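If you read the sequences in order, they're chains A and B. Residue 52 in my numbering sits at position 52 of the first sequence, and the numbers go up by one each step. Heads up: take any position in the second sequence, counting from 1, add 405, and you land on my numbering.
The hints are simulated quantities; they were obtained by calculation from the structure and are not laboratory data. Quick caveat: nothing in here was measured; it's all calculated off a predicted structure. Every residue gets a Cβ at the ideal spot worked out from N, C-alpha and C, and that includes glycine. Treat the hints with care, since some could be wrong.
Here are the in silico distance ranges between beta carbons for each label pair [claimed, not checked]:
#: 1; chain 1: A; residue 1: N280; chain 2: B; residue 2: H458; range: 44 to 50 Å
#: 2; chain 1: A; residue 1: S141; chain 2: B; residue 2: Q722; range: 19 to 25 Å
#: 3; chain 1: A; residue 1: L284; chain 2: B; residue 2: K729; range: 52 to 58 Å
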Amino acid sequence: MPEKSPTPEPIEAFAIPEGSILLDANDLIDPRSFAIAGLKKVLTERGIDLPLGPESDLDNPNRLVILNRFAVQIVTAGINADEITVPMNHWYRNGAAPQLLLACHVDDENNLVWFSGVLTGPEFKKIISNQIGLKNEITISINQFQGGIDRLLRFVRILETTAIPRMALNKLSQAQSVIEPIRKTLQSGLSVAVFAAGAIIFGPAIFRPRLVENIAMLSGNPIEMSAYKTRNSDSGVPIEICLLTPNVITTSKKPVAKINIDRPIIFPLEPLNEIKVYRNGELLWREGRTSTTKLIGLVPWPSEIVPIRANEKLLLSIRKEGSSPGEEAYIYLQANSQASFQKLSDLENSLGNKKSKWISTINKQLKNNQNLALTLLFSEKAPNSKVLDQARATVLSKEGCQKGE
Amino acid sequence: MNNPYNNLCVLDPSREGYKLKGIDLVTEFLQEKQLPIEEQSTEVDNALLKISHTQSDNKEALLSLRCRVSHSIVEKINLIYEQKNKFHEIDKEDMCVYVLDDAGESFLRLPQKNEQGSIELDKQPFTWATLSTLSINPIRPFGADIIYNFNPDLSNLSTWTKRKVNSNSELKSYLRQKGCLLISDWALLADSSPKRIKESWQLYCSGDSNFSMNDVEKLHQSYLINYKQAKENHRKTTRRQDGWEPNKDFLSSLEPTQNNVEQLTAMATAIRRYMGGADIRRNRAELNEEILNDSQSADDSLPSKDLIQQIQQSLQQFGLPIVKKTIETDRSKWQKDANRQLAWELYSQGMGQREIATRCDHKQGWVSKLLEEKTLSESIAQEASLSLVRRSGFKEIRKDPQGLDRMIDQLRNHLVSSEQEDGISPLREMVKTALN
């Protein structure tokens, strides 16, 4: 029978996010004034002298901040917030919309602020593309923001002001069409000779051979169902199911797969009849083969299930094609402890759109954590990349476990 | 007989922060009253509180409550310590100093002006009557403040005590310096999205709760609306951001109306359990960093040596002064703590943060805070980029936000990658140069 997972202890104290700013002033009232004070302190501490305005109205929450001629909308939330609400009034003003959206988390009880990241106007537009309407405010996940305060400083210090348009929301698509040819020209490396050298330096081409090579060497794990008496086991032939991932570390009575992300993929290399997930003995999710669809290959973490949590133990039940009810393999998905457990979305956001980071991270994790590597490889958030496409094709072409493994 | 009502947890540096001190005066009183005192119970708490109120010159009932509260304080301190001491340099004794300041005395020594105008300590009986004359806020000892401000209609004494420890400003300040935040249940509820509320309640709702998911969502919604206004009023009245607690009016303004804070506390506890599965940003960021750094050190994720040389000049030009400045700033603290110098030296030799922490007899959090490798490499990469984009070949990158991100990330990767310079990263090399 499936086992109950231990309930995690309530968290008593939270780790201060890296890059948080402790404020000295005690007279700060609203979140905006906390954010401005934090921003000023960062600039001072780093010795960066940039004009910050509007000088006479900096604490007015209805005004955009102008930092080194970039229009920045500061949006605030609590220190532990998982979502942030963006007032939309600025985004409908053509030519006056924000160029950058800065997320600031305020802990007024501890006098502390943390800038979790930045979105450019076009990035914001892309994120809310399915929400556009004349809304007064839009709520988005804080995980959408990237790069902390460093990303803001990169942009306002180094970019030309015109690099990010100030177009109203409904006009942004036009702005994209203006930007796109410039980007294409830049990225083609044809127009500016030395920039081409830069593109080579920072490009992903050097990663290509190793990833696909390593992927090609992956092989499935045969999971023996010795604990369950089956027709075939009576005849002395053990029943096995071939899984590419998760990777089972104990193949005795209770096969266990160590998991370090909240939404791991499951990847059988042979057709299944049925796959089920249990939490605390309760069936959470079931997927079965139908007369028209085969159950084989990539099975993403089902969106209907709350993701797996640190220290939790879920039960995965797999029945291979041709088997009878009861002839199932049970695998315990044992999540790692807090210290080595990740939300997939956090990791995806850390990797951003950078192909090179995705490729190198996947490649490295193939050696350490195959499940994480394959989950990232098949992530919907992975950037378009020929290398990744090739690696996926290599995985999808695999068939069953090799004899003698 | 030892029990929480006649044994006071008092500060004791020789015993991991505290020891038990039997209070005879209370033992006799409790025997006389025949209260069932083997374990903490709401009935006994309320009975003692009632005696303290109604017989306001009675010392024993209040002293018994001070004993009982001290146990909840210690319980909370232990929980924080157990969860955080592996990474953060926290000390149980240091934490106890702020919240365990009750020595069990039966008199309060209150400062009074004498006829000559100088301050003298006036000895007053430690009773409810005396507490109610005090204009000091918060009352000392801390345990007395907890009891004096406790409202049994709104919560039980254990929960109240733990919440008061959570909001103790000195403890908060101490933990902040060590990289930890104490966040109130009320801020946590206000910070949480409906999605988080729903998921956490589905997973960790209290077993005996009759609250449906729909009620929970509705209650949270009304909490968010009313909290903002209540917090605003608190700020105006007290001129403080912290210390807000829901009162009767607030609870009755919620939907469904609440008689006490129990349901809200249960929801906050569910969130704490939910978030406990991934505490959280720091661990997450560290793990991300670890995964990414590991990836970056792979030989196939680095630019070729020829190309590295092209940007080497800019990195050297701007990197060394930044590193030198950082080390010079830190150098003033080396006399007080020689391990800081040792940590820099070990870092320059290529040692990892965990090993440095072990060698320096500190936690990894201390090393991470000292070296700030990410901030340092970002500063250098930004300065180098500012210089590079002035060159004709790199000018176009000023028009491309994604290109700029990519460039700075690669410069940072290069700085911290150990594939260069015979196994020592350029940043570590700079530290070595700056130290010599």
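(message) Going through the numbered hints above, which ones does this structure break? Give me the numbers in ascending order.
(response) Violated hint (a single one): 2; every other hint is consistent with the structure.
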